[in-house]
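Novice: Mind the numbering: the sequence shown is residues 222 to 285 in our numbering, read in order.
Hints in this document: simulated from the structure, not taken from any laboratory. Just so you know, these numbers come straight off a predicted model, no measurement behind them. Ideal placement from N, C-alpha and C gives every residue a C-beta, glycine not left out. Be aware that a few hints might be false.
[Stated by the list, open to error] Computed beta-carbon distance windows for the label pairs:
#, residue 1, residue 2, range
1, His-229, Asp-251, 19 to 25 angstroms
2, His-229, Leu-270, 30 to 36 angstroms
3, Ala-238, Ile-259, 18 to 24 angstroms
4, Ile-282, Gln-247, 17 to 23 angstroms
5, His-229, Leu-278, 21 to 27 angstroms
6, Ser-254, Ser-228, 37 to 43 angstroms
7, Glu-261, Ser-228, 39 to 45 angstroms
8, Ile-282, Ala-248, 19 to 25 angstroms
9, Ser-228, Leu-265, 25 to 31 angstroms
10, Gln-268, Gln-233, 28 to 34 angstroms
11, Ile-277, Phe-255, 17 to 23 angstroms
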Amino acid sequence: MSTPTPSHTAGQALALALEVLRADRQALIDYHSFAGSILEADELAAQALAQYDQAILGLEILQT
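Throw the hints in and build the complete structure from the sequences for me.
Specialist: Next comes the structure, spelled out in structure tokens:
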């Protein structure tokens with residue numbers, strides 16, 4: 222069994238961060254659908270969703 226290299230560990234951390242962000246994003250989509258009739262909550266959820274999309278894209282770029 223070899224010792225993980227920093228790049229190997231960083232790759233695992235990025236993969237885990239993407240997994241968590243995607244799961245949180247899906248939960249936010251579900252909430253957004255549920256709260257869609259409440260205008261303020263709808264707007265806040267849409268803003269948060271855009272931030273999740275940006276974070277996921279940024280991590281995907283780092284992963285390549």
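Novice: With reference to the structure, classify each hint as holding or not holding.
Specialist: Results of checking the hints against the structure:
1. Separation of His-229 from Asp-251 is about 34 angstroms and departs from the stated range, judged on CB atoms against 19 to 25 angstroms.
2. The supplied range of 30 to 36 angstroms is met by His-229 and Leu-270, whose beta-carbon atoms lie about 32 angstroms from each other.
3. Between Ala-238 and Ile-259, the C-beta spacing of about 30 angstroms breaks the proposed range 18 to 24 angstroms.
4. At about 21 angstroms, the CB distance of Ile-282 to Gln-247 agrees with the hint of 17 to 23 angstroms.
5. In this structure the hint that His-229 and Leu-278 lie 21 to 27 angstroms apart at CB holds, the actual value being about 23 angstroms.
6. Look at Ser-254 against Ser-228: about 39 angstroms separates their beta carbons, and that is inside 37 to 43 angstroms.
7. Separation of Glu-261 from Ser-228 is about 44 angstroms and conforms to the stated range, judged on CB atoms against 39 to 45 angstroms.
8. Checked against the hint of 19 to 25 angstroms, the pair Ile-282 and Ala-248 passes, with Cβ atoms roughly 23 angstroms apart.
9. Remark: the range hint 25 to 31 angstroms for Ser-228 to Leu-265 is contradicted by a beta-carbon distance near 37 angstroms.
10. Distance hint check for Gln-268 and Gln-233: the Cβ-Cβ separation is about 30 angstroms, which falls inside the suggested range of 28 to 34 angstroms.
11. Range check, Ile-277 to Phe-255: about 22 angstroms between beta-carbon atoms, so the 17 to 23 angstroms window is met.
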